[in-house]
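Protein sequences, first through last, are from chains S and G.
Each residue of the first sequence is one higher than the one before, starting from 1 at the first, in the UniProt record's numbering.
Each residue of the second sequence is one higher than the one before, starting from 1 at the first, in the UniProt record's numbering.
It is possible that some hints are incorrect.
Treat identical chains as interchangeable: a pair holds within one or across any two.
[Stated by the list, open to error] List of simulated lysine-lysine pairs, DSSO-like, C-alpha gap at most 27 angstroms:
no.	residue 1	residue 2
1	K280	K225
2	K175	K280
3	K55	K292
4	K175	K273
5	K55	K153
6	K292	K47
7	K175	K292
8	K236	K225
9	K55	K175
10	K236	K175
11	K47	K16
12	K175	K153
13	K153	K100
Think of the hints as simulated: they come from the structure by calculation, not from any bench.
Protein chains: 2
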Amino acid sequence: MSRPAGRTILASTIAKPYQEEVINAVNRLSFRPTLVGLLANDDPAAKMYANWTGKTCESLGFTYKLIEVNKNELETSLIKANKDDSVNGIMVYFPVFGDKQDQYLQQLISPEKDVEGLNFLYYHNLYHNVRFLDPPHNQQKSLIPCTSLAMVKILEYLGVYNNILHYGNRLYGKKVLIVNRSEIVGRPLAAMLANDGATVYSVDINNIQQFTRGDNLSEHRHIVKDLDPEEYALEKIAPQCDVIITGVPSDSYKFPVDLVSYGTIVINFSSSKNFDDDVKERAGLYVPSIGKVTIAILLRNLLRLIDNKQIREKVVEQ
Amino acid sequence: MSRPAGRTILASTIAKPYQEEVINAVNRLSFRPTLVGLLANDDPAAKMYANWTGKTCESLGFTYKLIEVNKNELETSLIKANKDDSVNGIMVYFPVFGDKQDQYLQQLISPEKDVEGLNFLYYHNLYHNVRFLDPPHNQQKSLIPCTSLAMVKILEYLGVYNNILHYGNRLYGKKVLIVNRSEIVGRPLAAMLANDGATVYSVDINNIQQFTRGDNLSEHRHIVKDLDPEEYALEKIAPQCDVIITGVPSDSYKFPVDLVSYGTIVINFSSSKNFDDDVKERAGLYVPSIGKVTIAILLRNLLRLIDNKQIREKVVEQ
Numbered sequence: 001m002s003r004p005a006g007r008t009i010l011a012s013t014i015a016k017p018y019q020e021e022v023i024n025a026v027n028r029l030s031f032r033p034t035l036v037g038l039l040a041n042d043d044p045a046a047k048m049y050a051n052w053t054g055k056t057c058e059s060l061g062f063t064y065k066l067i068e069v070n071k072n073e074l075e076t077s078l079i080k081a082n083k084d085d086s087v088n089g090i091m092v093y094f095p096v097f098g099d100k101q102d103q104y105l106q107q108l109i110s111p112e113k114d115v116e117g118l119n120f121l122y123y124h125n126l127y128h129n130v131r132f133l134d135p136p137h138n139q140q141k142s143l144i145p146c147t148s149l150a151m152v153k154i155l156e157y158l159g160v161y162n163n164i165l166h167y168g169n170r171l172y173g174k175k176v177l178i179v180n181r182s183e184i185v186g187r188p189l190a191a192m193l194a195n196d197g198a199t200v201y202s203v204d205i206n207n208i209q210q211f212t213r214g215d216n217l218s219e220h221r222h223i224v225k226d227l228d229p230e231e232y233a234l235e236k237i238a239p240q241c242d243v244i245i246t247g248v249p250s251d252s253y254k255f256p257v258d259l260v261s262y263g264t265i266v267i268n269f270s271s272s273k274n275f276d277d278d279v280k281e282r283a284g285l286y287v288p289s290i291g292k293v294t295i296a297i298l299l300r301n302l303l304r305l306i307d308n309k310q311i312r313e314k315v316v317e318q
Numbered sequence: 001m002s003r004p005a006g007r008t009i010l011a012s013t014i015a016k017p018y019q020e021e022v023i024n025a026v027n028r029l030s031f032r033p034t035l036v037g038l039l040a041n042d043d044p045a046a047k048m049y050a051n052w053t054g055k056t057c058e059s060l061g062f063t064y065k066l067i068e069v070n071k072n073e074l075e076t077s078l079i080k081a082n083k084d085d086s087v088n089g090i091m092v093y094f095p096v097f098g099d100k101q102d103q104y105l106q107q108l109i110s111p112e113k114d115v116e117g118l119n120f121l122y123y124h125n126l127y128h129n130v131r132f133l134d135p136p137h138n139q140q141k142s143l144i145p146c147t148s149l150a151m152v153k154i155l156e157y158l159g160v161y162n163n164i165l166h167y168g169n170r171l172y173g174k175k176v177l178i179v180n181r182s183e184i185v186g187r188p189l190a191a192m193l194a195n196d197g198a199t200v201y202s203v204d205i206n207n208i209q210q211f212t213r214g215d216n217l218s219e220h221r222h223i224v225k226d227l228d229p230e231e232y233a234l235e236k237i238a239p240q241c242d243v244i245i246t247g248v249p250s251d252s253y254k255f256p257v258d259l260v261s262y263g264t265i266v267i268n269f270s271s272s273k274n275f276d277d278d279v280k281e282r283a284g285l286y287v288p289s290i291g292k293v294t295i296a297i298l299l300r301n302l303l304r305l306i307d308n309k310q311i312r313e314k315v316v317e318q
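Let the sequences and hints guide you as you build the complete structure.
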């Protein structure tokens, strides 16, 4: 294999300016912000991930408190952390029980401490392309789920967002394939990129959907359309896309590299490796994992929560 | 018509930094550079264009000498200007006689004074992706035909060149349609953009050709391929392109706007208007004319010639 024409870009490279931004912002605060991680999960991988979050927090100037609890005490611990004024942000390491009960617990985190941006309030704003919490003042920015926001920052770094276009339309003309339509990442990400002007093809095990704001971005927010599975088969769509994003949480899944056109931008956000290494011979830019960007953005979200709180307190004072 | 999602970008906006660059470079010289324009053409449009060149030259700090001669004296005047040490750059307003004799005259301009970069030496370097005149020292940059170079600068401004990719590969993954395959602009432009990594579809009245450096840019320079006219009909290719560039010198020619996909980057370098205004409803970015960029680049080429001369003189001294 000769030297590839494209480049592999590591998450650490992209994360760097955001880590610096976070360090500088913490330095300007009069206190050291605290993130609480709630672990009620026996999976050693979850424990490892929690420890890694902790190390990153401490290295960037935050206090990290890992609270390990029994599943049945998780709700009580969460409510306690919600009420504790010394806690600025809360995250829970899911899965704990499984789908529905976990979602109840997730939504129990106060929106004011939801660093991951997963509260339905934030989802609602994202889906409806609402960018502030306090219209018409528009001082408090709505949070964005951190993996989706990390992806936006990655796409900006990679030159996919075009700054010459109007703000809000900077993905106009770009075709993006997203393999994953989870409620945590895939669906909000598809909506967000479509809201920014892209034509998004959202793939899950059942079907392919298109997310767009209409041909000439005439809509304020995206519209979702189920696509005909023959006319819009993956084999036809994928080679036409400017960007291919995967997030399939399975070590056995590999995206078929022969569907990646030469020069395509390729990003994997799964902790599994969704591409064989020969994708490097085809990708224009290849980002094999994004974790380091996501954690920097998580902490940036925590600072956003603190900002929003300070703005609210100022309004109350006046 | 509602406010378009895309933007129209004027050449004056893109030209501005290059005008400033040129003014600053002239200020650093110990003399005022002189451009000679040779006009042997009765067309009032050519005279107008010559006067406009003159005004721009003077406004950016150059001396412009318009020499009006009879057709049959053009060769003599040209040779005289070649020999005149006070003349730094020469351009002739073509057409004068017609194809072959004009080409002879064009090539008679000394490469050292060829501001338009149209000498076969420069073409050869462009076609072979050779960027310097003096390998292995690589101090004297080869000139690039000024319209093609202007187009590169425009594509850089519009965010089509991706700086994250390796230098020389920054159009990797981009599909560009060029309607015009003249020896002055269309063919060198297609070659140049393909050399920078693009897949270029070059259209003229006879056929469509593809210019690429191979799927994964494995070649050092572009390869040209005639395309099957049915499989690669304009109707099929155009909607897939990221960029559509036209240069058809006819007021009656209009590129079919329905072949422009929403969000496409559209540039017209013809002095005729190759797009109806409704292209604005589809284009992501639309540049309706490029003349002001071209003239700034012409003067930048003149400064390049002066630079190269000074480097050569320094080498001789040593």
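Of all the hints given earlier, name the ones this structure violates by number, lowest first. Result: hints 9 and 13 break, sorted rising.
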